[in-house]
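Keeping their order, the protein sequence lines are chains A and B.
Numbered per the working numbering, the first sequence spans residues 21 to 416.
Numbered per the working numbering, the second sequence spans residues 1176 to 1477.
Keep in mind the hints are simulated off the structure, nothing from the lab.
In this text, all values refer to a predicted model and were calculated from it rather than measured experimentally.
Note that the Cβ used here is the ideal one computed from N, Cα and C, for glycine as well.
Any given hint might turn out to be false.
Chain B is faced by these chain A residues, among others (derived, beta-carbon under 8 angstroms) [to be verified]:
1) V43
2) R57
3) A61
4) S63
5) A70
6) E122
Quick list of simulated restraints, FRET-style, between CB atoms [stated by the list, open to error]:
7) L45(A) <-> R1321(B): 46 to 56 angstroms
8) R1417(B) <-> V39(A): 31 to 41 angstroms
9) L45(A) <-> P1472(B): 52 to 62 angstroms
10) G414(A) <-> D1416(B): 24 to 34 angstroms
11) A1426(B) <-> I391(A): 45 to 55 angstroms
12) D1416(B) <-> V39(A): 34 to 44 angstroms
13) D1459(B) <-> C31(A): 49 to 59 angstroms
14) A1405(B) <-> G414(A): 22 to 32 angstroms
15) L45(A) <-> A1405(B): 55 to 65 angstroms
16) V39(A) <-> A1405(B): 36 to 46 angstroms
17) V39(A) <-> D1459(B): 34 to 44 angstroms
18) A70(A) <-> R1430(B): 24 to 34 angstroms
19) V39(A) <-> R1399(B): 49 to 59 angstroms
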Amino acid sequence: MTAPLYVVAACLAAVSVAVLHLVVLREPPGEQLPTARFVPAGSSIVRVLAATPTDRLLLAVRMAAVLLVGLAFGRPRVPHPRVALLSIVAVDRSSAVYDEREVVDSARLLVGSSTRETIRSPTQRAVVLIVFDSAAAVMADQAVDDTLHHLRQSSARGSLTATFVSALRVAAAWRDRTDSLELLIVSPARGDEVDAALAPVRALWPGGVRLVRVSAQPSPRQPLGGLPTVDWPADGHTPDATARATIDTVGALVVGDLVAVRPFERRWQPDTDGARVIGRWTDGAAAIVERRTQTGCAREVGVAMDTARDQTEHPEMARLVRALHAPCRAPIGAEMKRLRGDLWLASGGGHHIPATAFGPPADETNRLPVILLALALVALLAELVLRSRRRAAGAA
Amino acid sequence: MEPGGSPVGVSSRLLDTAGPLFDSLRGARWLARQPAALGAPGAHRSRRRGTALEFTEYRPYRQGDDPRRLDWRVLARTDRAYVRITDDHAVMPTTIVIDASASMAFPQPSMAKWRTAQLIALALAFVAHGEGDPVALGAVADRSVRSPLRTRRGMLADLASTLGSITPAGSGRLGPMIDELGGVSHGRLVVVSDFLGDEFETLARVRALAVSGAICYAVHIVAREELSPADRQSLVSDPEDRAVRRPLTRATRARYLANFAEWRGTVRQGWQAAGASYVLGVTDEPIDRIVRRILRPVGNRA
Chain A
21 MTAPLYVVAA CLAAVSVAVL HLVVLREPPG EQLPTARFVP AGSSIVRVLA
71 ATPTDRLLLA VRMAAVLLVG LAFGRPRVPH PRVALLSIVA VDRSSAVYDE
121 REVVDSARLL VGSSTRETIR SPTQRAVVLI VFDSAAAVMA DQAVDDTLHH
171 LRQSSARGSL TATFVSALRV AAAWRDRTDS LELLIVSPAR GDEVDAALAP
221 VRALWPGGVR LVRVSAQPSP RQPLGGLPTV DWPADGHTPD ATARATIDTV
271 GALVVGDLVA VRPFERRWQP DTDGARVIGR WTDGAAAIVE RRTQTGCARE
321 VGVAMDTARD QTEHPEMARL VRALHAPCRA PIGAEMKRLR GDLWLASGGG
371 HHIPATAFGP PADETNRLPV ILLALALVAL LAELVLRSRR RAAGAA
Chain B
1176 MEPGGSPVGV SSRLLDTAGP LFDSLRGARW LARQPAALGA PGAHRSRRRG
1226 TALEFTEYRP YRQGDDPRRL DWRVLARTDR AYVRITDDHA VMPTTIVIDA
1276 SASMAFPQPS MAKWRTAQLI ALALAFVAHG EGDPVALGAV ADRSVRSPLR
1326 TRRGMLADLA STLGSITPAG SGRLGPMIDE LGGVSHGRLV VVSDFLGDEF
1376 ETLARVRALA VSGAICYAVH IVAREELSPA DRQSLVSDPE DRAVRRPLTR
1426 ATRARYLANF AEWRGTVRQG WQAAGASYVL GVTDEPIDRI VRRILRPVGN
1476 RA
């Protein structure tokens, strides 16, 4: 019960309703009194305190409505069985995995031990499985074995960020149902599974992570499409490029993770039809495009170079040139990062994290108050019907 | 008439009930407040002077006096002419008008007000009959019942029979009944009622009778339940006027008591101002005590 004061207030209101039902407006029993003329004239309807409540059905409906509203505002929660430890096992099925059987075996080892412990002592441990590639899917405790049995590797790139986001959601959802949590990741943790958001998202996990590293695919499954041909005219006038209405100067060029800050002049607008934009100006306009060819790809650079200003000799430009000569289909500008070991270490504690370290389950939908409010609405409608029937019966 | 009972049976029961009352009133006298009018010789001092043997006083002779009434011995001894005055005694015709309207049948089922009124009327008739006075009875229910002035033996049984045959009902008017009963202006008139009907009309008639020399009595019958109604909420209604329906609650009870007391005071003052004797009789009071208050000379009534 999140707000028990509402329930207390509803109980008091219900008692008040019951007391009000004891007070009945009706004609008192009639009797003859020859001196009745000396009684002050007034309404013959008087308040009578009855010994038992009148119209018990109406009273029951009213009390139910009041109590249901109070309960709904009290925001009750259905109590879940509490466990001592929740193991969140994240299984990588992305293209980075060398052998999916190795992943399944490792995961089964982790999950299986957890499942056995759960069976032996259901209140001690629970397992939640997260299967991820570029997206993560959360499997319930009952579906863990089945999921592992049917686990197949996907061709998508893995995303550890998505894994951490899902793990954080699971942890928040289980906050009130477990004493502590642990996160176990079965993954090769290859460099291409890391993106720029991983570090800040990882920082949100308040503890260590157990990484069960499996063999990684040595190279992308699909071979690269050969070496590119780079077409970089000095004035930036690539084929099919259109002249800009106004020639302006922007401060930077962004290619992948590389940012070249130079006073570039924009004269031409590359043709992006059927091409992949691999470089943009800082305002989002396309600057460099890549087109597929029979032998690989062709990269058209619509950036004018002022050789008089020694722009080509600047280290940023040198890195840009190297990036543009990376193999086709490879991520442009992204340097293959080696995950550092300290990424998995606890920032200040062990692998078991107290559940209270996680915030309230913001995304958990508590439908019980809504159901209670709906029931209260039904009770109020029933009260309206009963009251109108009673009035009609009284009029008849 | 009570269910299953005959007037004779009722009168017999009424007489049986009144037996102890008669015993307690035996020897009681109902002295007239003023000389009786001309009439048959009786127990009450008459306005008529001179014919009786009982000496009262001497009075100086005045022109016009009957010379035969001169006391010659006094004249011879003192040389002064005195007239010998003697009082006559006459009967006092007594008319009892009893209210038998529906309000007198309160409270149900005992009808204590009606029973009290019956016994008071019988007791007064008993005392009057004991002094040789003729007694007439008039009752006003949904129909009028009249019994002429009578002195003969068995009169009480007749009155009991008449009273026993009456069941309080309707909202009869006392005023016309007083007019219908003749000879009231020369005797006593006793009105036994709760005065919840035509009290002002009755009072006007009584005022006129008192001026003409009648001796009037008002016996106000009030039920204990009227003086102190049960302390519970009820919707009370007037048995004589169904339109009067009022809620008697704790809030209105005090106001009712005050209004009722004020009205009783007004009635008492009205009757006393008319020269009548006013006696309040409550149903739970011994009947003989009420009757003795009626018989008591003026100034001694509580």
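These are the hints, each one checked on the structure:
| no. | hint | in the structure |
| --- | --- | --- |
| 1 | V43 | violated, 12 angstroms |
| 2 | R57 | holds, 5 angstroms |
| 3 | A61 | holds, 6 angstroms |
| 4 | S63 | holds, 7 angstroms |
| 5 | A70 | violated, 12 angstroms |
| 6 | E122 | violated, 89 angstroms |
| 7 | L45(A) <-> R1321(B): 46 to 56 angstroms | holds, 50 angstroms |
| 8 | R1417(B) <-> V39(A): 31 to 41 angstroms | holds, 36 angstroms |
| 9 | L45(A) <-> P1472(B): 52 to 62 angstroms | holds, 56 angstroms |
| 10 | G414(A) <-> D1416(B): 24 to 34 angstroms | holds, 28 angstroms |
| 11 | A1426(B) <-> I391(A): 45 to 55 angstroms | holds, 47 angstroms |
| 12 | D1416(B) <-> V39(A): 34 to 44 angstroms | holds, 38 angstroms |
| 13 | D1459(B) <-> C31(A): 49 to 59 angstroms | holds, 52 angstroms |
| 14 | A1405(B) <-> G414(A): 22 to 32 angstroms | holds, 29 angstroms |
| 15 | L45(A) <-> A1405(B): 55 to 65 angstroms | violated, 22 angstroms |
| 16 | V39(A) <-> A1405(B): 36 to 46 angstroms | violated, 26 angstroms |
| 17 | V39(A) <-> D1459(B): 34 to 44 angstroms | holds, 40 angstroms |
| 18 | A70(A) <-> R1430(B): 24 to 34 angstroms | holds, 25 angstroms |
| 19 | V39(A) <-> R1399(B): 49 to 59 angstroms | violated, 36 angstroms |
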